[in-house]
Structure formats: C-alpha cells, structure tokens
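Line by line, the protein sequences give chains A and B.
With the first letter of the first sequence counted as 1, position 131 gets the number 115 in my numbering; the numbers rise by one all the way through.
Each number in my numbering comes from the position in the second sequence (counting from 1) with 1146 added on.
Derived from the structure by calculation, the hints contain no laboratory data.
Take the hints with a grain of salt, since some may be wrong.
Taking lysine-lysine pairs in the DSS-like style, the calculated list, with each CA pair at most 27 Å apart, reads [as the list claims (entries may be wrong)]:
no.: 1; chain 1: B; residue 1: LYS1430; chain 2: A; residue 2: LYS106
no.: 2; chain 1: B; residue 1: LYS1286; chain 2: B; residue 2: LYS1370
no.: 3; chain 1: A; residue 1: LYS106; chain 2: B; residue 2: LYS1496
no.: 4; chain 1: A; residue 1: LYS43; chain 2: B; residue 2: LYS1512
no.: 5; chain 1: B; residue 1: LYS1365; chain 2: B; residue 2: LYS1345
no.: 6; chain 1: A; residue 1: LYS336; chain 2: B; residue 2: LYS1370
no.: 7; chain 1: B; residue 1: LYS1653; chain 2: B; residue 2: LYS1610
no.: 8; chain 1: A; residue 1: LYS214; chain 2: B; residue 2: LYS1623
no.: 9; chain 1: B; residue 1: LYS1521; chain 2: A; residue 2: LYS223
no.: 10; chain 1: B; residue 1: LYS1603; chain 2: B; residue 2: LYS1623
no.: 11; chain 1: A; residue 1: LYS404; chain 2: B; residue 2: LYS1431
no.: 12; chain 1: B; residue 1: LYS1817; chain 2: A; residue 2: LYS404
no.: 13; chain 1: A; residue 1: LYS421; chain 2: B; residue 2: LYS1430
no.: 14; chain 1: B; residue 1: LYS1525; chain 2: A; residue 2: LYS281
no.: 15; chain 1: B; residue 1: LYS1627; chain 2: A; residue 2: LYS124
no.: 16; chain 1: A; residue 1: LYS340; chain 2: B; residue 2: LYS1634
no.: 17; chain 1: A; residue 1: LYS340; chain 2: A; residue 2: LYS281
no.: 18; chain 1: B; residue 1: LYS1262; chain 2: B; residue 2: LYS1345
no.: 19; chain 1: A; residue 1: LYS461; chain 2: B; residue 2: LYS1870
no.: 20; chain 1: B; residue 1: LYS1870; chain 2: B; residue 2: LYS1817
no.: 21; chain 1: A; residue 1: LYS421; chain 2: B; residue 2: LYS1365
no.: 22; chain 1: A; residue 1: LYS281; chain 2: B; residue 2: LYS1262
no.: 23; chain 1: A; residue 1: LYS43; chain 2: B; residue 2: LYS1610
no.: 24; chain 1: B; residue 1: LYS1525; chain 2: A; residue 2: LYS124
Since the structure is predicted, the reported quantities are computational estimates derived from the model, not experimental observations.
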Amino acid sequence: MEKEILEHGLNFNRRRFLSTMSLGLGSVALGSLMIPGLLNGGDREESGFTPGIPHFAPKAKRVIYLFQNGAPSQLETFDYKPKLCEMYGMDLPPSVRGEQRLTGMTANQASFPLAASFANFKQYGKAGTWISDIMPYTSKIVDDICVVRSMYTEAINHDPALTFLQTGSQQGNRPSMGAWLSYGLGNENKNLPDFTVLLSRGIGNGQGVYSKLWSNGFLDSIHQGVQFSKGEDPVLYIKDPAGMARGERREMLDQLAQLNQMSYEEFGDPEITAKVKQYEMAYRMQTAVPEVMDLSKESDDIVKLYGPDCLVPGTFAANCLLARKLSENGVRFVQLYHQGWDQHGNLPFEIKSQAKDVDQASAALVTDLKQRGLLDETLVIWGGEFGRTSYSQGKLTPENYGRDHHPRCFSIWMAGGGIKPGMVYGETDELGYNIIKNPVHVHDFQATVLHTLGLNHEKLIFKHLGRRYRLTDISGKVVRDILS
Amino acid sequence: MNKKWRGIVEQFVLISAVFLAFLLAFEDQIIVPVWLQSFGRLHPLVLHFPIVLLVLLMAWEFFRFTREASPWIDTAEQWVSDAWISGAALTGLTTIFGLFLSKESGYSGDTLFWHKWAAVTLFIVFSGTYWLRNLSFYQKLNSRLLIGFMSILLISTGHFGSELTHGDGFVLEPFQQGKPIYLEDAIVFDHMVKPIFEKKCMSCHNPEKKKGDLDLSTKEGILKGGKSGKLFVTGKPEISLLLERIHLPLEDKKHMPLSGQPQLTDEEKMILALWIKGNATFTKKVLELPATDSLRIMGNTLFNSVQDEATNYDFSEASQETIDELTNEYRTIATVAKNSPALRVHIFNKSEFNSKKLEELVAIKKQIIFLSVAKMPVKDSDLLTIAQFENLERLELNFSNVTAKGLLALKTLTHLKSISLSGTQVNYQDLQMAMQGLKKLQAIYLWDTPLTAEDLKALSTKFKSIQIIGGFKDDGKSPIKLNPPELKNTSTIFDTKAPLTLFHTIKGVEIRYTMDGTPIDSSKSPIFNGNVTINSNTRIRARAFKAGWIGSDEAVFEYYKCAITPDSVTVVLPLNRVHKANGPKSFFDRNLGTFSANAPAWANFWTGVQNNDMELNLNFKTPKTISIVSLRIMEELTTGIFPPQAIEIWGKTNANGPFKRIHVLKVPVPKETRFHELYAIDVKFKPTLFSEMKIIAKPLEKIPQLNVAKDKARVRTRAFAKDKRALLLVDEIFLN
C-alpha cells in the first residue's frame, strides 16, 4: 500500500519511469547520431594539441625572419659556380634545363647564355663556406650560421612564391607562419603583439608585399601580423588624441567591453571577443611600443655594429635593430621585408646596392643577439622566395646582365635556436641549376622551423570548414641534419 | 542424472584419463590424422564449458561446509555431483582436443609445456575430487586447500593458454612501455625488422619448433632459409619468398603468418620489403641510410630523436592554480613543453617591477628552469630570492643592477648552465670569484661590461670549460662611413623664407655645409648650428663628420622659393599616358620628385609629355605680378629625357580678352652626354600682372646624336632610338 501511495503522490510509477528513461536515452543516442561530436568529451586528444604549449621542449623561443623580397640571386651571394665562367656565353644545355617552365619574360628568348657571376667568392670559416665579396659582413659570422643551398619551390612568380613560403600554399587565404606560431605558442610579453612586420626597400627593382602575407587566414584575428611603420607613429591609431588622459581611455574601454559583452551574449560571434582582446592589447601597446621603438638611447657600439643607417627609420638596418629590440621584449615572430632584389636586368649594379643595404645589419643582428645570450633562443632566417637563373635574361655583356626567376634551387641561411652553426647543407649542380644533394622543399623548411620551436608540424592543426589545415599543408619533413 | 548416464559419464572420465596418458607417453611419435585435426581445432571452443562449470563448482564447494550453506546442501548436492562429473568429462575432452591441436600448428615450447601439464594436472585433480569429496576426511579445510590448488591450476592453464594465442606478456603489455629507442641509436635490423619477426613469426619459426625448417632467431637462420628455399633475394623484394608468403591472400594455405595468428600490418610489410630492397643489412643504423631512403623516413616516424624527448625533470608539477595566480600582464609563466613540469618565467615592464614580483615566484621555486629579468632594476638583494629557484638552468640579467658580488649568492643553484650579464657593472675580481661557485656553468655572456679584453681572456684561461662571450667592441681599427645628414622639413619649397633644418641621427656629429654650391671642405666649411634661414633658391650641400668615423657622403638639398601659387591649374593638352602623376595637382603640391624609379612616389610626382606640348593654364582670382616662372625638370639624356627645347609664357591681365605672349625662352640643347640631374629652368621676364597665365613647354622634337663625354664611366648607357621626340618630365613649377 505504501508503494501505491508514494507512486500516486509522485504521479510516477515504474512503468512510466522505464518508458521515460528509454525516451531520454533514445534522444541522446539520436543526438549523437546527428551531431557527431556530441559525446566526444572535447576534441582535445584528437589533435593532441593544446594551443599555447609546445609539443616538446623547444630550442628556439622566437623567430626573426629577414625576408629578402624579390629573390636575391644565389649565384651572386652563396652559391659559388666557377663552371659558369668556363661556360660563359654558352647556351644552357637542354639536359640541365629539363622540363623547367620559364616565365613569360624569358620563354621567348632566342638563346639562354650562361652568365658568370661578376662577384668574387672566397671560403670562410670552419666549414669553408663560400661567400661572395658583396657580403663581407656575413662572411665574418659564417661560423654562427647554417647556409642551406638546396632550397626549392614550385612557384615561379613572386606572389605565389611569397604566399607559398609564408602560408604553405600557393593559393592564398591561409594563415601565415607568424600567425601559426602565434596560435601555437602565444606570446611572452602580453603588451606587444605576437607577430610584427617591418618593411623597407632598396633601390633595386622591387616587387610589392601584400598584407595577406601576414594575415591570420582562418585563425582568430588576434593572430594577425601588426605592421610597424617608420613614421612618428609606428603603429597607426594607437595614440590617444591630444587632450585625452590615459585614465579616460581606460574608462572608455571598460564601457566598451560591457557593450561588446552584451553583443556577444546575443550573437555569440567569436570575433567580438577577439575585438575586445585587440582593444586591450592596443591599450597595453600604448605604453610598451614607444619604449621599444625608441632608438635614441642605443649606444655608439651598437650603432657601429649595425652601421649608421640603423638610426634612420625605414631602413633595413633600423628594422634589424628594432627586430632585436622587439624580440628581446618577447615578440614571438618578427618579420622584415626588404624589397628590391628582383634583378631581371642591371644585376651587377643593383645587387651590390641591395647587398650593402642588408649585409652589415643582418650580421650585426646575429652578433647582437649572441652577445646578449639570446641567440640560442632566437631563430634568425635570411632568404628570399626563389632563386635566379644561371642564364642571362636580356643581353649578356661582361659588365651587365640580368637573371630570371628560378624555383629549382635557392639559398638561405639560418642561425640560432636549434640550428647547427658553421655548416653548409645541400648542393647544387655545377651550373647552379638543379639540386644534386639534400633538397629542402619549402614545406621541409617550414617543418624544420616549427620543430625548432617545439612544435610537431603534423600536429599543429586547425579544423576549418571540415578540413584539418596545417602550415605544411600535406607534406614536409624535418631536416634533422641541420639541427643541433 | 539417472544411474545409467552417471555410469557412462564416469566411465568416459576414466577412459579419457587413460587415453590422455597414452597420448602424453607417446607424444613425440604421434601424428594426428586429418579428420581428427578438426577436433583439435575445437579446443578453443570446448574449453569454455568446463571452465564455467569448474568455477561454479569450486565456488560451491568452498562454501559447502559453512553454516549458511547447510539448509541448501541437500537441494544442491543433487546437482553438484552430476555437474562435477560432467565437468570432469568436459575437461578431459578439452585436454584431448588440446593435445591434438598442439600436434599440428607450431606453438613455442615452454608455454605449451606449462599449459599442457597444468591442464592435465587440473583434470586429474578435479576428477579425483569427484570421488574424494564424499570421504570423511574431506572437510572444510582440506576441501578449501584442494580448491585453492585447483584454482591456481585453472588460472595457470588459462594464462598460458592465452599466451599461446596472444603472445607472451599479453596481459601486462600496456604497462610495459619499455625503454624507447632513440633515432640516433636505432639499427635497421635490430629495431625495425627483428621486432616484426619476434612478434609475428617466431612463435613457429624458432629453434625449438622450426616450422618449415625455418629458424628466424639468428642471422644464419634467416640467411639459410627453410624447406621451401631461401627467404629472399637481396635487393629484389619482388621475387623474394618471404614477401610472397606474407602477401598471399589470407585464405591461401601458404599465407604467412597463419590465419589464426596476428597478421602483419601494412607498415610491417613495407618495412620488410624495403629492408630486402636495401640489400638486407644487418648492421646499418637508420641514420646511416641516405635521407631520402624510404626506410629511413619510416624510421623517422617510428623513433623519436633523442633531442625531442623533453628532459625528464624529477620534480613535480606546480598546480595550475598557482601558475594562473602568478601570471599577469607583466610576468609570463609558460610551460616548457606538454607534459613537462618545467616552467619559464619572463618579467617585463620596468616601471611595474619591484622585488615583490620575484618573491611571489617562490611559490613555484622548484619548477622554474628559466628566468629572464633583463632590463629590470634587479638588485643584489633580489639575487637571494632567485637563489631559491633550485632547478634554475638559465638566468638572464642583462642590463640589470646586479653586481658581481651579488652573484656569490647564486652558488646554491647547482643546475645553472647559462647566465647573461651583458650591460651590468660586473668587475673582474668579484666575477671570477662568483664563477668558481657556479659549478655547472657552461656559458656566460659579458658584453658591454667594465671587463676589458684582457679580463675576458683571463677568464677563458681560468675557466676552460665555460664559454665566455664578450661580443662586439669597437676597437677603432675599422671606422665606418657615416650616413649623410638629413632634413627635418618635409618640403623644401617655401613662400618667403624657410629655416634650414639639417640634422643627424647619430649623437655628437658635426654637419658642415655650403649654401653657394661649392663643395664641402671638412675643416673650412661652416658648421651647422641650427640658425640658418633661406630666402631664395638655394642648393645646400652637407656632409657629416665625427671623430672615429669616416666622413659621410654628400647630401644635396634644393630649396626653392615659390612666392605665388595659382588658385587653379588646368591641363590643356593631355599628359603622356604613363606620366600622368596627380594631374594638374602635381605642379604645386610642394612635393619634389626623386630620381629613383623604384621609389613608389616616382610615378606620383613626375608629369610628362612626349608627343605633344605641355600646355597649362594657371588661374589667379586676384591678379598677381610675376617675373620668374621656373620649371623643375628631370634630365637623363641616355634614356631620352631631355629639357624642353622652348618654354613660352602667355598671359591675360583680366579674364576677358585673349592671351598675350609675354616671353619665350629657348633652352640650349645638350650636345654631350652628362650625368643625370634634376634642376629648375628659370624663365625671366619683366614683371607682369597676370590674372591668367598659360605655360607652354615644348619637348625636344628630335634627339640629337650626343658626343660621349670624357668621363663616360659615370654615365649609365642604355640604347634609345635616335631621331625620336624626347620625353619632358616636370614635377613642380615655381612662380616668383
């Protein structure tokens, strides 16, 4: 009788209990059928990746990428090919060229005369690295760097090649390397952006750089690269207007955050929180940025090390000095672009000037990091987007010639965090056209960079529109031979 | 069971026992006929029944002599006895089938041995207990002892049986990670190929069993092969027997491993194929293979490089709450790697720093392995706090206020490997004393300190195992050239007067300049002091000098006076397609064009005409008196950019009425090549009132043949068509 009274009171009996329960379980089952991830308990273990923490102990903590835009000629800088002198003026043998496509600029040339480099090469350092005499300062730091002569890519023009090198795919709309690192590792100094970009140009024939090269693609917009410009305001629109006190700015931001929060609760758009984060970052940058960008306090020794141009805003040397300062203050990825290396013609004259712009400052950067004890934790990369042809574009004369784009081999150097110093990796054939030893594809290079920072390039992924994307796209293996 | 059946089953048990004894006695000489082999294969099926019965019966028997069981004894015993003998019969049957099975497929010796004898013993004991259990001495204690013994036998039999089917160490396998092999040590055969043989092949192809006469446990055995022939042809996986057998369809009798056994994965098959292709090396290490070798690439994925393994720290993790509490905007605490307890700490923002910020970190003092307080006002007293971070490996103190004396406190840091002291005021004496206390130190950074080159050398000699890095110090032996002075004004075009704002980014530089176009003399030319005003068109030449530096190249700044600006400009004849610049706005925008065609502003500043005259109408709302009209042009003769051959000035005094020609200037045509230049051409005439002005500049109609000047080395040559019309480029017009 007690049981009946109880059940009546609850309006619930065993029969109803069982039927309701089965309905409940059934709906959960239906839900898991319709919503695949419903019962997964979070995708964390699936990717094995928690943003913000390296997968394994890294050697490098930050990157400074000295990007030489326009594609510096490897035959005039790091790849010594005396055979070109012997075969000066002779046509490029078809057996060497193979099926390589040429750009529209040289495809209709009647002949492809091999052009010997005007520059003289000498060997330096423990590994006997060949460096041309247009880069005398780099030859002095040759025992700190690893020259990779066997880089190659598939892209033959600047835009796709740049995009390929920065984002891992020739088609755009993907996050760039700096954005991936910002996503994967975050930042050490919360008052500065994770990813900054500094531009400069030389007098040589230049190509443009586009802001898509430092975009965040489909990652959160907080990972976008911040371009610092050379004017009075390194970061535009950061300064408070005249007459506004910092406290007022703080109040305004607090109110704004409240409004944004209301908006977020209504719409749930993650971009709103990203925007709030960016406002907060801008607020902190107001104090942090001017201090970092202030070059006036640098000692004479530093000025002598980088060269006097380092105090002139907008030059490559000044950007190198700023890069060191930014990196020292915890910025994860500092990218410099120096434009003007696209020597289709007038190569001897222009490349000497381009080299002069960058040589002393790049070497100084490595030395400066080393003497502060920061080189072991900073990865410095120097290089362009592809190489240049062994044959001359346009008329070949003893004093003047040009070189067209060449994706099959190019040279870069790397120094610092995790890279074996004082070595040369990879080899090209006698004419500097094909790679004969240890090719390093752009994806391999990217995998290696991620590896020195403690990230497994196959595990650093982001799921977007149903596909798992990663910086190295679908290929790439870490080049362990250059790791220390 | 009725008595008849009971009798039959008991008999069966006895017969099984005898038969089993016979089988065991003549084991080695027995061949199982084909039709009995199927029964043998029923062993894994049949064994389940006796196991269940035995477990239940033993459980009952265990509690048989207790008081709680006594009311049930009579009911139960009707069943127990029947069940017991049935269980014994089934055990016998299972054991016999098992013996048949053991004869045909290869199972490795020891495990089979124990499994077999445990099973046989269990059978005997269990069967025996059927008759024993009703005897008087069989009471609680004895029964329980017997049951304990039988349980052990049952578990052992089951355990060894499972090892036969699933391999050794099956149950505990998840716990045994084993020492990982690092990529650097991995040997192709030992670590990639042999494990495959061990796991999947050697249960049959071992020295004891040697199925098909093949023994895979030794190199000789592998090379020798078996009954069907050699295992492989070196370098030719396509015709190798080993691969043929593993790639046969599963149903094929000759497929290896046998279909009941664990099969090879695709990866393992690939490893074997690649190994044979690579000449079946027994000694080569994975890293000795070329980097593009597929076997090496596979090895890369199988083994971790030793450098990837996070150094195993033996301290415990700090709690996430503590870390979150301590992390703020100016103090970052980061985990070194996933699953690692080690932490890195980085402190920023000088103005917010105080000693408390370091003291708070004592909460995680065990976990910090890296600390950076560079540029923070860290004092010697703070070093006492830092000395508590017992596992610290790297310390950055660049540009802080510590002294070498304070470093003595760090001798408790037994793991400290690297320390940066650049920019600090450490002195030699105290430093070398402090360094003696830092036993594990490997590197020390001492740039920009009071230490001299001799001090650094002395340190290197004293501490041979430590890397002493002093950095760049200018010894004055290779002076560099200064960069030229710059101008603060953005525009050098002025109405009435303008200050000269020369400056130089490097401190302590003196700027020497001339205003009359003469070259700079490093000792005689006036030094710029900031109080110079310019009132007319002036060409400023300036150079920078400083002791210890090479004097800079010359910088040239052209100042132009433009007292009058029109209210509007109209372009009457079209500008050249490529040289439109900013249209009519370009002429008075106060922006001077530069020479470098690669500068982005080039196109925006230079207007040009080639196939027609340049004709501009300038309008003045209130009429103005003008006596000079200047056109700033670019001259680059070698590329066909020439000054105009003539400039005509026409004017109107009031808006109505026609234009009157005021003046024509014929510009001399250059006869010789000369270096490119930017300059202004002045058209002077008597002062006239203009309400509207028309300027016509005519490009040179026919480019003449130029004589090559003597110093042609300075002239960049590029071919251009002769007899063509020259290009006229104008970036700015001045009216005075």
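We went through each hint and held it up to the structure:
1. B:LYS1430 - A:LYS106: violated (37 Å)
2. B:LYS1286 - B:LYS1370: violated (61 Å)
3. A:LYS106 - B:LYS1496: violated (46 Å)
4. A:LYS43 - B:LYS1512: Answer holds: LYS43 of chain A to LYS1512 of chain B is near 21 Å, not above 27 Å.
5. B:LYS1365 - B:LYS1345: holds (17 Å)
6. A:LYS336 - B:LYS1370: violated (67 Å)
7. B:LYS1653 - B:LYS1610: Roughly 40 Å separates the two Cα atoms, so the pair is violated.
8. A:LYS214 - B:LYS1623: violated (33 Å)
9. B:LYS1521 - A:LYS223: holds (25 Å)
10. B:LYS1603 - B:LYS1623: holds (20 Å)
11. A:LYS404 - B:LYS1431: Distance ~22 Å between LYS404 of chain A and LYS1431 of chain B Cα, so the pair holds.
12. B:LYS1817 - A:LYS404: violated (61 Å)
13. A:LYS421 - B:LYS1430: holds (21 Å)
14. B:LYS1525 - A:LYS281: holds (22 Å)
15. B:LYS1627 - A:LYS124: Holds, at roughly 19 Å.
16. A:LYS340 - B:LYS1634: holds (25 Å)
17. A:LYS340 - A:LYS281: holds (25 Å)
18. B:LYS1262 - B:LYS1345: Cα-Cα ~22 Å, so holds.
19. A:LYS461 - B:LYS1870: violated (58 Å)
20. B:LYS1870 - B:LYS1817: holds (16 Å)
21. A:LYS421 - B:LYS1365: This hinted pair is violated, its Cα atoms lying about 34 Å apart.
22. A:LYS281 - B:LYS1262: The given pair, whose Cα atoms are some 87 Å apart, is violated under the 27 Å limit.
23. A:LYS43 - B:LYS1610: holds (25 Å)
24. B:LYS1525 - A:LYS124: violated (37 Å)
Going down the numbered hints, you'll see the structure goes against 1, 2, 3, 6, 7, 8, 12, 19, 21, 22 and 24, while the others check out.
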